[in-house]
Amino acid sequence: MLGDEMPWFLPALVIGLFAWIWMSSIERYADKKGTPAWKYVVLAVRWLPPIQLAVVVLYRFKAIYTRDTSHLEVAKHLGSGSFSSADLKLMFTGDGGIEIIMLIVFLFAVLSDHLPSISTTRPDLRQKFRNRLMMFTASFALASTTLFFPEQAYSEPAAFPNGPIGPVPEWLSFAPKVLIGGLLMFGGELFAVTTLFLAGPNFQKLAGRARLKVLLLSVSALVYLTTAIDFETDWFGQLHEQSMTLPLVLSVHLGICFAVVLQPAVRSDAELNHGEGRSLSMMGLAVVMALIVLLLTLFHVNQLTAFGSGLGPYTYAIWMSSVAISSMMLVQFMPALGFDAAPRPEIWWMKMTLLYAPIIMSMFTPYAVLLIPAIWVVLPLSSVASWFIEKDVISPSHSFVLYPLLAATLAASAIPFGWNVPFLAALWIGWIPGAIAAIGLTLHVRTRAKSTGKNP
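Residue numbers (this note's numbering): 1 to 456.
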C-alpha cells in the first residue's frame, strides 16, 4: 500500500499543508528575491498538496480497478476477481471518498483567485484572498489529518480477511464527506473575506452568497446528524467512532460562526470610534465570556456518562474551559506584536481563539466539541459589548438589539437541557443569538450611515 511503498508520502503532504499556512510569507520572500527559481518554488509549494492528493486518488483507483487485495478495503468489500463498474462505488463510500473531496477542496483553494465574483478586483487582493483560503483549508486539514488520512488506510495490516466480510458501504456514508467539503470551501471564503474586511463591494457580494450556502449546508449537516446517529444509545461514542462525523461537527461550527458572527461583525466593528472605555469593555467582556464558557461546558460534559458521577466531568470541563479561556487571554499580546489587521484587533483575536479552540483541542480529545455550545452563545456578546459599554459611540436600541440578544442567549443556553441530547439541541438553536446580533448591528450601522450621509 501507499504508506508501505512510500512511507514519506503522507508526511510530505503534511509539510506541504504547513507551507500553505505561510504562503503569503513565502510569496513575499520570493518577490524580494525576484529570481525565476523562486517563482518556480512558489508554484511548486502552491500546487504540491493538490498534486499529492491526485496521486493518492489515482493510486486508490488503481487498487480497486485491479482488485488488489493487498489493500484492506478491497479485501474486505470486493475480494479478488474482475473489475466491474459497480466497484467504483467503493471509491466514494470507502477511504477514497474523503480523498476525492479534499482534492476538490484543495483545487478550489488554489484556483479561488479566478472566482467570477472577484474577477474584476485588483490582482493583489485576489492573491490575498487565495492565500487566506489556502491557510484556512490547510489548518483544518492538518487538525483533522488522523481522521481524513488514517494510518490503516495506507498501511498493510498484520492479517487480512480470507474473503469479503461485508458489502460496499452505502451511498449515505458519502454524504458527510460532501457536506464537509462544501462547508470548507464556502466557510473558507467567509474566512478570507473576514480578514479582508475593507477589500471592496465584490468581496461583500461573494460573502453574501457564501453565507447563504454555509447556512444551507449547515442545516443539511444537522439533519444528517439527527438521522444518522442513534441517540437512544451512546451517541457520543458514535460521534467519535464514525470517522467523518466529528470533522463534520467542527466544520459546521466554523461555518456557522463565520456566517452569523465573525463576517458580519467586522463591518460593524469598523464603525466604532476610538474607544472611550475600551479597557472596561474588554475586561467585562472577558469575565462574562469566561464564566459562560466554563458553566455551559460543565453542564454539557455532565450530561455524559463517560466520566462517572463524581468529580470526573467537572474536572474535565474545567480543564477544557481553562485552556480555551487562557488562550483567549494570551492572544491579547498579538496586536502589540503587529497582528492588528482588524478594526478591533483585541476583540478579533479573542473571537478567533475561541473559534479555533475546539478545532485545535480535538486533535487531543474528541470531547472538545462540547465547548461549541458555549462558544456559539458568547461570540455574539463580543460583537455588541463595545457598542453598549464604550462612551464615544451611539448605542443601538436596547429593545431591538440588547434585550432580544440577552433573551436569546439565555434560551439557547437553557432550553437544550430540556431535550434528550442537549448537545444536538444546542447545535440546532445556538446560532440564534448570533443572527440577532448580526441583524441588529447591521441595521444600526445602516441607519447611522444614512443619517450622516455616508455610504452604508
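None of these hints come from the bench; they were simulated from the model. A few of these clues could be false.
Simulated restraints on C-beta separations [stated by the list, open to error]:
#1 Pro164 - Gln127: 45 to 55 Å
#2 Ser85 - Phe160: 18 to 28 Å
#3 Ile439 - Ile360: 39 to 49 Å
#4 Trp8 - Lys33: 49 to 59 Å
#5 Gly34 - Pro164: 28 to 38 Å
#6 Gln332 - Ser25: 20 to 30 Å
#7 Glu241 - Phe417: 23 to 33 Å
#8 Ala44 - Ser399: 31 to 41 Å
By construction, the Cβ of each residue, glycine as well, lies at the ideal position given by its N, Cα and C atoms.
Here's how the hints hold up against the structure:
no.	hint	verdict
1	Pro164 - Gln127: 45 to 55 Å	holds (50 Å)
2	Ser85 - Phe160: 18 to 28 Å	holds (25 Å)
3	Ile439 - Ile360: 39 to 49 Å	violated (30 Å)
4	Trp8 - Lys33: 49 to 59 Å	violated (28 Å)
5	Gly34 - Pro164: 28 to 38 Å	violated (58 Å)
6	Gln332 - Ser25: 20 to 30 Å	holds (23 Å)
7	Glu241 - Phe417: 23 to 33 Å	holds (25 Å)
8	Ala44 - Ser399: 31 to 41 Å	violated (58 Å)
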